Amino acid sequence: MTDKPLGTKDYPLAEKCPERVSGHRGKPLDALTIDAVLSGELEMEDLRITPEALMQQAEISRAAGRAALGRNFERAAEMTRVPQAEVMEVYELLRPGRAASKEALLQAAQGLRDAYGAEELAGLVEEAAEVYEKRGLFRTRY
Amino acid sequence: MSNSYDANRWKRFDDWDARPLRLDQFAVEDPENGFSAFAGAADPKPGLTVEAGRVASMDGIPAAEFDMIDAFIAAHHLDRAVAEEAMAIPSEQLARMLVDMNVPREELVRLARGLTPAKLAEAVAQLNAMEIAFAYSKMRARKTPGNQAHVTNAKDDPLQLAADAAIAVALGFDEIETTMRVARNSWSNALACCVGSVVGRAGTLFQCSSEEAEELEIGMAGFTSYAETVSVYGTESAFVDGDDTPWSKAWLAAAYASRGIKMRCTSGAASELLMGYHEAKSLLYLEARCLCLQRGMGSQGTQNGGIDGAPLASSIPGGVREIWAENLLAVWLDLECASGNDARHSESEMRVAAKVLPFLIGGSDLICSGFGSILKYDNSFNPSSFNGEELEEFLVLQRDFEADGGLTPIEDAGALDLRRRAVDALSHVLKDLGLAEPTEVMKRSVAVASGSNDTESFAPRDVAVISDKISSRGITVIDVIRSLHNGGFRVEAENLLFLVKLRVSGDYLQTSAIIRDGHVLSAVNDPNDYTGPGTGYRVSDARRAELAAIRNVLDREEVLRREAASEAGEARAVEYRTMGPATRGEDAGEVVVGVSPGFGTKIFRTLAGHPLSAVLRALRDGIEAGGGRMRVLRIRHTADTSFLGLSAARLSGSGIGIGIQSKGTAVIHHKDRLPHNNLELFSNAPVTHLEHYRALGANAAEYARGELPAPVVVPTQGEALGARFHARVALTYAIETKMCENNASPEEMEITFLDGQR
Chain A
3 MTDKPLGTKD YPLAEKCPER VSGHRGKPLD ALTIDAVLSG ELEMEDLRIT PEALMQQAEI
63 SRAAGRAALG RNFERAAEMT RVPQAEVMEV YELLRPGRAA SKEALLQAAQ GLRDAYGAEE
123 LAGLVEEAAE VYEKRGLFRT RY
Chain B
99 MSNSYDANRW KRFDDWDARP LRLDQFAVED PENGFSAFAG AADPKPGLTV EAGRVASMDG
159 IPAAEFDMID AFIAAHHLDR AVAEEAMAIP SEQLARMLVD MNVPREELVR LARGLTPAKL
219 AEAVAQLNAM EIAFAYSKMR ARKTPGNQAH VTNAKDDPLQ LAADAAIAVA LGFDEIETTM
279 RVARNSWSNA LACCVGSVVG RAGTLFQCSS EEAEELEIGM AGFTSYAETV SVYGTESAFV
339 DGDDTPWSKA WLAAAYASRG IKMRCTSGAA SELLMGYHEA KSLLYLEARC LCLQRGMGSQ
399 GTQNGGIDGA PLASSIPGGV REIWAENLLA VWLDLECASG NDARHSESEM RVAAKVLPFL
459 IGGSDLICSG FGSILKYDNS FNPSSFNGEE LEEFLVLQRD FEADGGLTPI EDAGALDLRR
519 RAVDALSHVL KDLGLAEPTE VMKRSVAVAS GSNDTESFAP RDVAVISDKI SSRGITVIDV
579 IRSLHNGGFR VEAENLLFLV KLRVSGDYLQ TSAIIRDGHV LSAVNDPNDY TGPGTGYRVS
639 DARRAELAAI RNVLDREEVL RREAASEAGE ARAVEYRTMG PATRGEDAGE VVVGVSPGFG
699 TKIFRTLAGH PLSAVLRALR DGIEAGGGRM RVLRIRHTAD TSFLGLSAAR LSGSGIGIGI
759 QSKGTAVIHH KDRLPHNNLE LFSNAPVTHL EHYRALGANA AEYARGELPA PVVVPTQGEA
819 LGARFHARVA LTYAIETKMC ENNASPEEME ITFLDGQR
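Chains A and B supply the protein sequences, listed in that same order.
Here the numbering used here is used: the first residue of the first sequence is 3, the next is one more, and so on.
Here the numbering used here is used: the first residue of the second sequence is 99, the next is one more, and so on.
A few of these clues could be false.
Stated by the list, open to error - Computed footprint of chain A on chain B, listed as stretches where at least three residues anywhere in the stretch have a Cβ under 8 Å from a Cβ of chain A:
id, stretch
1, 542-554
2, 587-596
Unchecked claim - Covered, in the sense of this in silico footprint (three residues per stretch, anywhere, with C-beta under 8 Å from a C-beta of chain A), are these stretches of chain B:
id, stretch
3, 335-349
4, 619-625
Don't read these hints as lab results, they were simulated from the structure.
Keep in mind that this is a model prediction, so the values were computed, not measured.
Just so it is clear, CB atoms sit at the ideal spot from N, CA and C, and this is done for glycine as well.
Working from the sequences, and respecting the hints, build out all of it.
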């Protein structure tokens, strides 16, 4: 990969630079075929987006003037490393009244940082912890 | 009829009460109680102060008092690099820039990143409805317009879902959305629509609206490709009752992207009002907060424009203008906009059509965020603005305005083939994966059914079993692709693989992405570049031809074909013989009937369907009953009713003539009157029947005797006769006018009725 960030002219990636794109287990786009499905070679993992693809989409978003969308893709890139169960656990914890205290959220944030190097996601959860405390959201809902 | 002249009410109000409109409930403007579209009692004044790089106050609220929505907007939406510049521009000027075609969209989008919710709301509130509509068309993100369908049914019947999904695809919908009557049926609905949506064409995006966690799981199994149920609200209390916060929603936004699934948020006017937490703020201001939040969390788009709150918003003065205004805010904030026009906001079809019009003629990323492609009772989201019933009306509106509403007409035969193909494909998958055994009766009933009332298919319990099996066995889209291919549904297997491969590159995660002709089309590679006439989206010649190709259109050949079908019958009923040039009659008791050039030669029945022989007979019977005698002339120099009548009258011994066109329009004329000042006119041929022609004959005979008969009244029920008949009239009449010859003299006719009666 070159150092120069991608621009809008590199989009769509699958058409303009398919060589940059691969599935989660490294299969290139042109290996994702019906034959591969029939032979059992192709699994859902091969159809998962990679953190690299998300970071490339983030570059394209920023080039198109959409930094907020780009930041979401950057968070998503981190999240590709987080197992589904944990994604849903943290989501649940972020819902109002689920965390009993600020501490629970801060711990989750630290967990994301330690286990997955998910700096952006951890920051988002920590920011939530601050605001939830200020707004009294650590109250029981049910 | 009762003559209750002492009634205390004008009866027109009873008529008005009976209109569907009066089922709509309207509410008085009441800003203190949240019933205000644009001017809430507690709406803040726009403002922004930044100290040491941090937002110190926003819209009059100090940072220390921010609720969670303010806090999120200040942290994630406001771009400090442009905020100072943007906030310094007067709202009036921003409003003018929105409707100025010389100010590019990109410039306005750049400024929006530095505007607070109150400022955004204040700017668009300056615009009248037409200006909002224009600005929306200029500001929307993707150039090519699109549309989204609901595909659901009252039984959650998978076979019908597959068939209806295939139809939605054929109609051209870019996205289809399903949901369930029973929550546990979600996996079955997802599988069924997924299979149906790859019949006929690849690339229709599909979502299954269900509980957040399950929706994500269904997406991860590959059945769905997008989600739009990430709802946000404009007040903190409504948000909390919605069981989320801006941070939990931002988390979900990242979660969908991390699984390669397209996502948009949802918000719409009056949801806070409906949920009991409006804070005495206007619909527009609260919605501006929602939309800033969505941009801030990095959602590529929004489903916005009233949505479930549309009916309530529309009960308030200016409510529909506000719905348009919030859509404008969405696109100004550079979000993909699935512009509502889904939950039906009114029982009045006129209100529905009026509301959708700007989006139809000006385009939208997805004009309806749920056009009911199925019948109303089958729509598990509740009826949409447009439903299966009204679908052809939308197609005709596209044709009327040469506007691309994203849909393409379908043909009878092709539609049934597609439904069968979809039903067969899904039936194979259900059997092959051991999920269910659809019978031939089920399949046949579903293929032809318009709605679930007409099907003999799966019972609700069967569907729950199918759904549980899909979920518990961990069946994924790969199993479905393999099954389709092995069952001989190879094109469908390829189509489905194409769709799930999209998630690997993530191209369709960018703003306003849809798939057309196998390519991702988004605001990145198909940006709206409107800068005035000739720019932006234009309907191509090929697309125009598609839009025009609705069912049952009449042409000249069709008119002649239909007439030819009547010709044989008339040849057996009447004989016309030309007896040479007509002369002025001497008989003071005669009524001369002047028939048009095509009468009985090219045209054989009236617009009401009466054979011309029967019409002539009725005229004769009437004339004779009135004590007169009929003489028939063929007028050759004109086909105009008035001149036919006047020409006949001037050759009539009594001075009274009847002019009649072959389509049945007739007149009684007097020789001394001006052409268009006749005695009696029968202009509504489609509702003029034989008894009227008979009465017309009788009246003509009475005029001939110098009497003053009561004019014949042909009653109408207010039918739009022009709409029903004028295309045929114009084609028929042109056939007659082409036969006219200048200065050709009238000819005497001998009429013989051939069926044995006199």
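Here is how each hint holds up against the structure:
no., hint, verdict
1, 542-554, "violated (count 0)"
2, 587-596, "holds (count 4)"
3, 335-349, "holds (count 9)"
4, 619-625, "holds (count 4)"
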